[in-house]
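Please work from the sequences and hints to get the whole structure.
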Amino acid sequence: MVLDIGRTQVMAYRAAAQGLDRATADPAKLGVFDLGVQDTTFGTARLALAARLPEPLPGGEDPLADEETFALLWSVRGAPHVHRRADLPGLARALWPRSEADATARLAAERKALKAAGIPALDAFTAAAQAVRAVVTKPLGKGDVSAAVTARLPDAYAYDCRGCRARHVYGGLFQLVGLPAGVRHEPDTSPPILAPLEGRPPIPTSAKGVGAFIRAYLRLHGPATLAEAASYLGTSQAALRPEWPDGLAEVTVDGRRTWLPEDQLDALRAAPSPAYVRLLPTYDPFVQSRDRDLLVPDPARQKELWRILGSPGALIVNGEIAGTWRARAAGKKRLTVTVQAFGSLPRAVRAAVEDEAARMARVRGMGEAAVTYADT
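In my numbering, the protein residues as written are 1272 to 1647.
In short, the hints are calculated from the structure, not lab data. Hints should not be assumed to be uniformly reliable.
Straight-line distance between alpha carbons at most 30 Å, and here's what the computed DSS-like set of lysine-lysine pairs gives [as the list claims (entries may be wrong)]:
(1) K1383 to K1300
(2) K1386 to K1413
(3) K1413 to K1383
(4) K1479 to K1386
(5) K1479 to K1409
(6) K1300 to K1386
(7) K1603 to K1413
(8) K1300 to K1479
Have a look at the derived ranges for each label pair, beta carbon to beta carbon [as the list claims (entries may be wrong)]:
(9) P1391 to A1422: 13 to 23 Å
(10) D1525 to G1482: 23 to 33 Å
(11) E1371 to Q1280: 32 to 42 Å
(12) D1646 to P1617: 16 to 26 Å
(13) D1564 to E1457: 31 to 41 Å
(14) T1340 to A1571: 40 to 50 Å
(15) G1442 to Q1611: 24 to 34 Å
(16) P1617 to L1536: 29 to 39 Å
(17) L1536 to D1394: 40 to 50 Å
(18) D1564 to G1482: 47 to 57 Å
C-beta atoms are modelled at their ideal positions from N, C-alpha and C, and glycine is treated no differently.
Encoded structure:
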């Protein structure tokens, strides 16, 4: 039997599945870490965590500073993510391309050069991972690693950089092999300092556990489709289809066919209507779902939230994306948060926004926060 459900209930389900209800106090138990939480030099992973924990800094400490529990590294789509260390061996195999077609689909600028040189995409992943692992035997700056890796690989793996008049290994492939190469980032370094991952497993020779990764996507971002899961992973539907897992239930969302793990159907039906306000950072898991038309039905609003460069954070009001925000430091003690709402905000919501801004300021080591509103 196909379950028919509306988008409002889907949004409520995702908010709960991703921990926005602040029902989990242990950061390592947050479901979003099943896929990892994307990070930037602005510390977006910390802000994403603060939006989910009852207390953003238990005991006055940063939960992500627990290097025995968490690690920052290049993983999904080659982007920097924070992961549970215990998950890394399995994740490295799950993210490894499962076929030549899969490997080719994950490449970008380097695809043409490698093909012209007759280098299969899977071979390129292996060679690049081996080169990165051989270079990173101690902490090194990203630029130094890039230069050393470039020197180890054939010419087709690199391009001429006009800006610095040097030749570099393609950045996409370089970052895609970060996790399988066993390389992590030293915390709070920009540009990144890369270091060998402690106890790093062998470089994968084949993919394993892809189905479990897909299930995690559907559990956190579902009900969803094969196309959306493939987009999140950075590959094609054709490459991912053989790994589509069993035990999924078909769910119709406002007439659209999607899928959810069967064991999540009760949670979908019973998800309570959210009654809270959150300020989510750029790249927060909640805005990483690939069905943007469901997240923000208005195309004009989509353009405000997802920009080619410099996307803002998202204002969440009762489970809906109700605006965007940007923050800037005023000296070392004060954070100014500018909110651009998609409509009028009641006084109670504005008071909650101020509370969330104050929480954000504490995470960023500032004692004060001020909220202003831009014209819509």
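Quiz prompt | Ascending list of hint numbers which this structure does not respect | solution = Structure breaks hints 1, 6 and 18.
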